[in-house]
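Asker: So the chains spell out like this:
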Amino acid sequence: MGLKAEPWQKAEIAGPKKALLISKPEVVVAMVKRAKRPILIVGHLAAKDYSDDVKMIDYAIRMSKTAGIPVVATAHTISEFIRRKFHSAANMHAMDIGNRLKDPEWKGLDGMGPYDLALFMGLPYYMGFVILAGLKHFSTNLKTISLDRFYNPHATWSFPNLSVKDWNESFETLLSKLGGK
Amino acid sequence: MSRKGVHVKIDELKTNIGLIKNLELSIGRIVEEKWAEPMGPTPFPGITTLREWDMKLLQRYKPFYLPFCDVCCLCTFGKCDLTGDKRGACGLNMAAQQSRIVLLACCIGAATHIAHARHLVEHLIEKYGRNSPIDVGGLNIDVEAPVTRLVCGIKPEKLKDLEDALDYCEEQVTHLLSATHTGQEGSNLDFESKVLHAGMVDQVGMEIADLAQISVLGFPKADPEAPLTDLGFAIADISKPTILVVGHNVPSSVGIIDYLTDKGLMGKVEVVGICCTAHDITRYSSMAKIVGPISWQLRYIRSGLADLIVVDEQCIRADALVEAKKVKAPVIASSPKNCLGLENRTKSPSKEIISDLVEEKVPGVLILDPDKVGEVAVETVMKVAPRRNKFSVIPKIEEIVAAAKECTVCNECRRACPNDQPIPEAIKAAAKGDLNPLAEILDSCIGCARCDSACPNDFPLHSFIVKAGEEQLWKEKFKMRVGRGAIQDVEIREVGQPIVFGEIPGVVAIVGCANYPRGGKEVAEIAEEFAKRRFIVVSSGCAAMSMAMVKDEEGKSLYEKYPGAFEAGGILNVGSCVSNPHIAGAAIKIASIFAKRKLRANYEEIADYILNRVGAVGLAWGAMSQKAASIASGFWRLGVPVIVGPHGSKYRRMLLGRADKEEDWYVYDARTGDKVYAGPAPEHLFTTAETKEEAMVLIAKLCMRPNDTTKGRAIKLTHYIDLHKRLYGVMPDDIQLFVRNKADIPITMKNEILKILEEKRWKEKSIPDPTLLPRLIRKRKGE
Ligand code: SF4
Ligand code: SF4
Ligand code: SF4
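Taken in order, these protein sequences are the chains called A and B.
Under our numbering, the residues of the first sequence are numbered 1 to 181, in order.
Under our numbering, the residues of the second sequence are numbered 182 to 964, in order.
Pulled out of the complex, with its shape left as it was, chain A reads as follows (with noise of 0.2 Å):
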């Protein structure tokens, strides 16, 4: 890996406070077991042709079941969970989960508090961008993590830009060590 913190599109610069790098995906999994209240936001990208075998949304299915990980499907994406027999998403659009995410009075999906920790994969890159600095700008107890094969600099912590294969064996390893919560 080319571990490197630098934004994908190149002209979205962010700092001084940047994403720290997701060195190896048991970042990601110490991440999550330590949160209490995790919740993973997908976009509509998660669906579209992402390697020749994979798609990103797949990886959130087997996330959530994994780890037991609410989903927020945005915009459309819903209907491909469901063409997975994936049921349990919920659909949000993704303004609303940004701004309900930022709000520590909500009391999320379930109505049992509010999240501290969101995964985000799936949204158009410069969107991601934008609503991840909301969030760290403007949410209290919240990290986010964006799982996305780009570097997202305005999550709390990102992975760098890798390529697909990279980011296949990343997500393999992290779904195999989340079994183990």
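A couple of the hints might just be wrong.
Unchecked claim - Derived CB-CB ranges, DEER-like:
(1) A/G113 with B/D845: 19 to 25 Å
(2) A/G68 with B/E735: 51 to 57 Å
(3) A/R83 with B/R674: 44 to 50 Å
(4) A/R83 with B/V590: 32 to 38 Å
(5) B/A415 with A/G179: 57 to 63 Å
(6) A/N141 with B/A583: 54 to 60 Å
(7) A/G179 with B/F258: 49 to 55 Å
Quick caveat, the hints were computed from the structure, so don't treat them as lab data.
All of these numbers come straight from a predicted model, not from anything done at the bench.
We put the beta carbon where it would ideally sit given N, CA and C, even for glycine.
Start from chain A and add chain B with the ligands according to the hints.
Answerer: What follows is chain B with the ligands alone, placed relative to chain A:
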């Protein structure tokens, strides 16, 4: 009442001190009051006059800020790190800074339209006289300037009357801009209120610009059957000299058409346009044709099809001159706002300028006289065209294949592309002789050439893409209905009731730029979906062009298939960017003509009416400019929600309602004074749709209003649920918020919905006569 006093113009006056020529005096204007409607509460509102209304909106639709970066660098105290709860050296926090950036954008947008309007009005007054009548629809239109009447409280009858409103707009923008100075406004909500003010003032500015040009230049006057014009990359006859006009402010293009007409040269020279000047010149003359939206500048210039380029103002590529030089096409800049570094030759004899351009002594000139632009452009292009022979810099296929073999797959191009196009992969394929992947990129390419700039090998990648997609491009020829201008009063009378009752499920305004995430076809698809569903679809600007660029099996565009009237199932093009107030105006006229609410300087009441009763939604699918920001904010203040495409998330903040907070959705019932839960209708004032599917579902949802009758609500719910099920594959999970009593439930879905309501422990609610304004309550409790 007029804001100012007397304006005296004396062309010639013999006095005992001699002959005085062209004397103009402004000493405060006395205008005879012919408008019987009494003055409303807020004529010429200042920057805080409507603050209470704004705060009502902002209380419900709270800003969600989406910073681009963590710092502020607006003064030399900075840079300041505003991360989280940090404050800058001036004491400002991140929320206020973001709203300040939004205000700056809206001031830029409003100033642009207002300056455009000022230029047009001055030019037209000079040419046609101060007393030229305002006429935007003859007998079909009584309310000629709904926005100006509503905001300023004046009823403009002649060109000169527009100056008062412009004075007002300019003054307001100056105040608003001053609020962004370091150490002025400190509250984000006050910045937001000023954003709304900028948007409102912008609507006045745009309305004035369009009123002036429609009235004087003979554009279609509220004509549902405005003529169809040709549109597409290949519309110009390439055997003829071609002038390309780009921009927004039409006088120089009018100068070209007039010169051709005067000299009997019609048919000898092609005049084609890009962006809003193209809209307006086709409203002026059937001689002109449209190439396409703003994003088509580079592909057209580089293809060498334009023998001469005339640019006026707004949304013109800053490198237009550089690109034109490459294809040896001379450039005439014609706006004081966009001089391109060219020498001002306004006062030079035309012959000299023409010869300098033809002999390539200069790459271009600045001419600030529209008639002279006309003469120089026509005479020059006729001499330049045969020599240029449509010289193009679009490479040959062999050149692309050869270059592609040198590609290092460094990904720089893709990482520069705003639409994240797979250029390296396409180049890899091109190296093997397969240009299809490159051709496929053309559809989603917004013509920015950031890929060119990024490539370490200096490949002109945009040109590669254009070449690869050339075949399709050259086939393209479409029909667009030219901008019709305003909506007739009689049209409003006919649809007012069904809109307010909800039986026409909504008015969808598809407007704005062409910075689409996946090409212009999406706007056509969205427009047709809603026209088929019997919404009223109105459009303007580049979106109105993109909507034309799809044909059905019979080869017809949407404008040929759907009526151009403001009626259920209509698809209307109102015109250019400055025509947008006709859309706002239609909503205002529903309140004033159909519902007979007082219009004059009665902003708050009319906005309250629209927010609660008129199911209108704006969609700016490719919005990119500061003008788009101010146009949107003008709609927000009037109570019309706006959805932007994914790139619009970069506008720095959304205005979002919280459907889960019951307390946010109470309105007064004007009949009783009771506070009644009216549901999240409309749920948001400004938000981003991630995909076209989401945009469609959101449009249907945001058309719901507290005032819908049960029949109307059932119709609106049918569309919302139907689209949700079709595009998301599931029932929406918030139906219970929109069903007020059982009669709201669409009959065909009754059992299914009743079950859901039961599960959600739904309770019946009353349907109020909704308002947010206590002063509109007719009878208080106990009275
Ligand atoms: S305007 Fe305020 S926050 Fe911005 S650089 Fe100056 S002191 Fe810092
Ligand atoms: S010109 Fe087209 S392909 Fe190139 S960066 Fe811009 S949008 Fe992307
Ligand atoms: S930037 Fe140029 S060299 Fe790099 S991948 Fe793109 S085309 Fe190839």
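Asker: Now tell me, hint by hint, if it's right for this structure.
Answerer: Verification of the supplied hints:
1. A/G113 with B/D845: 19 to 25 Å: holds (21 Å)
2. A/G68 with B/E735: 51 to 57 Å: holds (54 Å)
3. A/R83 with B/R674: 44 to 50 Å: For B/R674 against A/R83, whose Cβ atoms are near 48 Å apart, the range 44 to 50 Å holds.
4. A/R83 with B/V590: 32 to 38 Å: holds (33 Å)
5. B/A415 with A/G179: 57 to 63 Å: Holds, since B/A415 and A/G179 (Cβ atoms, about 59 Å apart) stay within the stated range.
6. A/N141 with B/A583: 54 to 60 Å: The hinted range 54 to 60 Å holds for A/N141 and B/A583, with Cβ atoms some 57 Å apart.
7. A/G179 with B/F258: 49 to 55 Å: holds (52 Å)
Checked against the numbered hints listed earlier, the structure breaks none of them; every hint is satisfied.
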